[in-house]
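*Asks:* Chains as they are written, first to last, in the UniProt record's numbering: chain A, 1 to 296; chain B, 1 to 420.
None of these hints come from the bench; they were simulated from the model.
Just so it is clear, CB atoms sit at the ideal spot from N, CA and C, and this is done for glycine as well.
Incorrect hints may have been included.
What the hints assert, rightly or not - Partner residues are not named here, just some residues of chain A that face chain B (Cβ under 8 Å, in silico): (1) Asp46; (2) Ser49; (3) Gln52; (4) Pro53; (5) Asp130; (6) Pro131; (7) Thr132; (8) Lys198; (9) Gly240; (10) Pro241; (11) Gly243.
As the list claims (entries may be wrong) - Label pairs and their calculated CB-CB ranges: (12) B:Pro43 <-> A:Val124: 18 to 28 Å; (13) B:Phe271 <-> A:Phe112: 32 to 42 Å; (14) B:Pro402 <-> A:Ala163: 24 to 34 Å; (15) A:Arg60 <-> B:Glu332: 19 to 29 Å; (16) B:Ala316 <-> A:Leu17: 42 to 52 Å; (17) B:Gly280 <-> A:Gly47: 44 to 54 Å; (18) A:Phe28 <-> B:Thr228: 49 to 59 Å; (19) B:Asn81 <-> A:Trp287: 39 to 49 Å; (20) B:Thr228 <-> A:Phe112: 49 to 59 Å.
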Amino acid sequence: MTSGFWKRNQQTLAPALFLAPGLLFFAFYVLFPILQSFQISLYEWDGLSPAQPVGLQNYRQLFDDPAFYTSLWNNLLWLVLYLLAIPAGLAIALFLNQTVTGIRIYKSLFFFPFVVSQVVVGLVFTWFYDPTFGLLNTLLGAVGMDPVNILGDPSKVTYGIIAAGLWPQTAYCMILYLTGLNSVDPEQVEAGRLDGAKGLRMLWHVILPQLRPATFICFVVTIIGALRSFDLISIMTQGGPFGSSRVLAFYMFEVALSEYGFRMGYGAAIAVVLFGIMMIYIAGFLWKMYRDERGA
Amino acid sequence: MPSITRLPLLAAALGTALTGAGVAAAQDSLSGTLKIFSDMSNPAPRAVMEGMVDRFGAMHPDLEIELTVIDREAYKTQIRNFLTANAPDVANWYAGNRMAPYVNAGLFEDVSDLWDGQIGEELASTKGAMTLDGKQWGVPYTYYQWGVYYRKDIYDRLGLSEPQTFEQMKANCQALLDDGVKCYTIGTKFLWTAAGWFDYLNMRTNGYDFHMALTAGEVEWTDERVKTTFANWRELIDMGAFIDNHTAYSWQEALPFMAQGDAAAYLMGNFAVAPLRDAGLDDSKLDYYQFPSINAEVALGEDAPTDTFHIPAQAANKEAARAFLRFVVSAENQTLINAGDALGQLPVNANSSVDDDKFLKEGFDVLSNRAPGGIAQFFDRDAPAEMAKLAMEGFQEFMVLPDNLDRILDRLEAGRQRIY
Numbered sequence: 001m002t003s004g005f006w007k008r009n010q011q012t013l014a015p016a017l018f019l020a021p022g023l024l025f026f027a028f029y030v031l032f033p034i035l036q037s038f039q040i041s042l043y044e045w046d047g048l049s050p051a052q053p054v055g056l057q058n059y060r061q062l063f064d065d066p067a068f069y070t071s072l073w074n075n076l077l078w079l080v081l082y083l084l085a086i087p088a089g090l091a092i093a094l095f096l097n098q099t100v101t102g103i104r105i106y107k108s109l110f111f112f113p114f115v116v117s118q119v120v121v122g123l124v125f126t127w128f129y130d131p132t133f134g135l136l137n138t139l140l141g142a143v144g145m146d147p148v149n150i151l152g153d154p155s156k157v158t159y160g161i162i163a164a165g166l167w168p169q170t171a172y173c174m175i176l177y178l179t180g181l182n183s184v185d186p187e188q189v190e191a192g193r194l195d196g197a198k199g200l201r202m203l204w205h206v207i208l209p210q211l212r213p214a215t216f217i218c219f220v221v222t223i224i225g226a227l228r229s230f231d232l233i234s235i236m237t238q239g240g241p242f243g244s245s246r247v248l249a250f251y252m253f254e255v256a257l258s259e260y261g262f263r264m265g266y267g268a269a270i271a272v273v274l275f276g277i278m279m280i281y282i283a284g285f286l287w288k289m290y291r292d293e294r295g296a
Numbered sequence: 001m002p003s004i005t006r007l008p009l010l011a012a013a014l015g016t017a018l019t020g021a022g023v024a025a026a027q028d029s030l031s032g033t034l035k036i037f038s039d040m041s042n043p044a045p046r047a048v049m050e051g052m053v054d055r056f057g058a059m060h061p062d063l064e065i066e067l068t069v070i071d072r073e074a075y076k077t078q079i080r081n082f083l084t085a086n087a088p089d090v091a092n093w094y095a096g097n098r099m100a101p102y103v104n105a106g107l108f109e110d111v112s113d114l115w116d117g118q119i120g121e122e123l124a125s126t127k128g129a130m131t132l133d134g135k136q137w138g139v140p141y142t143y144y145q146w147g148v149y150y151r152k153d154i155y156d157r158l159g160l161s162e163p164q165t166f167e168q169m170k171a172n173c174q175a176l177l178d179d180g181v182k183c184y185t186i187g188t189k190f191l192w193t194a195a196g197w198f199d200y201l202n203m204r205t206n207g208y209d210f211h212m213a214l215t216a217g218e219v220e221w222t223d224e225r226v227k228t229t230f231a232n233w234r235e236l237i238d239m240g241a242f243i244d245n246h247t248a249y250s251w252q253e254a255l256p257f258m259a260q261g262d263a264a265a266y267l268m269g270n271f272a273v274a275p276l277r278d279a280g281l282d283d284s285k286l287d288y289y290q291f292p293s294i295n296a297e298v299a300l301g302e303d304a305p306t307d308t309f310h311i312p313a314q315a316a317n318k319e320a321a322r323a324f325l326r327f328v329v330s331a332e333n334q335t336l337i338n339a340g341d342a343l344g345q346l347p348v349n350a351n352s353s354v355d356d357d358k359f360l361k362e363g364f365d366v367l368s369n370r371a372p373g374g375i376a377q378f379f380d381r382d383a384p385a386e387m388a389k390l391a392m393e394g395f396q397e398f399m400v401l402p403d404n405l406d407r408i409l410d411r412l413e414a415g416r417q418r419i420y
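Isolated chain A (complex conformation):
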């Protein structure tokens, strides 16, 4: 009986069974928390006392909250400026893509920042930026410029942290492009050269199209990296001075989980907004993938 049922439905059941563990975990660890965030965002809850339903009040507050707009703006800055890692990585990769003695050592040295933990990167840059004792201001002082307080100045702090983040991210893009350059077809380069392409024209029309898969991966990891800016901000400024370097993810952590936080509802509301923003990006991304696959 059972074996008969199995035999008849094997084709349908087997994939379902293989998918089941993954789907279960996805539902429990991804879908359920997302729905729960939506639900919590409608409550006022400190994690200790019973939750009070407050309707959309958390959202209304959020849209009146100057800190929210600062964080949103910083998120945008991160997303846009972080993409600089792609051209920078490409430039270094092109520079290193030659055969001289010891090139492997140089390649590893350039890749080094990506191996270092983000926490260490944050600390190193904090010392580098130190307005009194830091290397940056010692250098600026040597050429007769006034010291700048990058991490303590609300108008410079986000740029300072992004610059710190670009250091390892550039290395990451570089290594992706280096592997990509290995698979560039020498015959096409040769053909281009015969047709008189040189320098930038060669790069733009012959090399870059062949590097498209690498560029695509670079773009994806850089966007993801920009959204993961949390650790650098936490290490370098804790969102300060007076909240001017916060991004949405850090603000959410601060109101919901930090020492002075525990407004779970408000934190969840921020999470929902952040989710919405990411959905726009992800939807666009999926649509492009779908289109490309149909085209191919």
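With chain A held as given, fit chain B onto it using these hints.
*Replies:* This is chain B only, laid out in the frame that chain A set:
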């Protein structure tokens, strides 16, 4: 079975009789496990905590004590989890409004019974800070004074003396600035240092009671009196009294400015003395004065953050926990743990003796005799956590961009109306 349980009792009784200590023979029947979660994770406090456990354990040989020391910062968020699930029998925390979320959620045990009688009198100075809803929720083990720590050698060189009034304070500051020395070092990266300045300026301008009403959310932040406090603060900011770029530094990173003589003073808690001494400032170069009076009509109030022990409501061995709390507050223990070679702070028990240290002695005098206005905990312990965060961010912004004051105060007032 009965004979087994009785045997150690007898031995313990015999032990106390032999040594003649006989402190509390009745308590020696404690048994089972006593779980203690502590946030005393820095080297010196950790040694103190372990020492207390050893001595308490020696008094109660049947009691098995499990001590878990958790990183002090991590503890602040972990306490929420372990109080609701898997509660220890004894836990560290802070006095004042910082207890309120746990008291309101019914997670701390009411220990008013411990405060009855003699103990209550000995700990009278912090009874107010341990009281919510007319009951006491824990016991203090240490506190420390705040005040201005200054470079005596620099003051002497310029012929300056410890200021008694705000006018003298500003005159001193001008003399220092003329000499190319900043008046005060401060690092506001983690915000709370700026709250120390606000606490003192507000208590000196408007008095302790007003300050307490403000932190309790009973006064509007846009009140004229609050603005007067900020106006006084602004005088110092406009003079250039504080070091530049303070937003980039933690409180420790601000210490070198004082150690190297680029700044002459530091408004800080007594814990700043140890690193300053390590940086080479001996007692001839480093001294302390109480924050001077600003408004002569208000009595002087002081900040003295108190660290405490509590019994979680879900504790399993409350009998042993109570005995431990009694042991912690005893005059003898408080003398020992607050000594200069241990915590280096002030004992709360009035019958304890203060270690022979210039700063501890003066701090003890200030808190006992020269703070008639009252003793506050500290801004982020007196105000609810959320308000504290919002306000301290405002203080930092004000120190950098004083022109933003009205916008900052509007924001704090909106916060006050929502939070309380």
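*Asks:* All hints are to be evaluated individually against the structure, with a verdict given for each.
*Replies:* Hint by hint, here is what the structure shows:
1. Asp46: At 7 Å from the nearest chain B Cβ, Asp46 of chain A passes the 8 Å test, so the hint holds.
2. Ser49: Ser49 of chain A check passes; min Cβ-Cβ to chain B is 5 Å, inside 8 Å.
3. Gln52: Result: violated, 13 Å to nearest chain B Cβ.
4. Pro53: 17 Å, violated
5. Asp130: 7 Å, holds
6. Pro131: 4 Å, holds
7. Thr132: Holds, about 7 Å.
8. Lys198: 48 Å, violated
9. Gly240: 6 Å, holds
10. Pro241: OK, holds: Pro241 of chain A within 8 Å of chain B, min 4 Å.
11. Gly243: 6 Å, holds
12. B:Pro43 <-> A:Val124: 18 to 28 Å: 26 Å, holds
13. B:Phe271 <-> A:Phe112: 32 to 42 Å: 39 Å, holds
14. B:Pro402 <-> A:Ala163: 24 to 34 Å: For Pro402 of chain B and Ala163 of chain A the Cβ distance comes to about 29 Å; the hint holds.
15. A:Arg60 <-> B:Glu332: 19 to 29 Å: 57 Å, violated
16. B:Ala316 <-> A:Leu17: 42 to 52 Å: With Cβ atoms ~46 Å apart, the hint holds.
17. B:Gly280 <-> A:Gly47: 44 to 54 Å: 46 Å, holds
18. A:Phe28 <-> B:Thr228: 49 to 59 Å: 57 Å Cβ-Cβ, so the 49 to 59 Å window holds.
19. B:Asn81 <-> A:Trp287: 39 to 49 Å: 42 Å, holds
20. B:Thr228 <-> A:Phe112: 49 to 59 Å: Holds - the Cβ-Cβ distance for Thr228 of chain B and Phe112 of chain A, about 56 Å, lies within 49 to 59 Å.
Of the numbered hints given earlier, the model fails hints 3, 4, 8, 15; all others are met.
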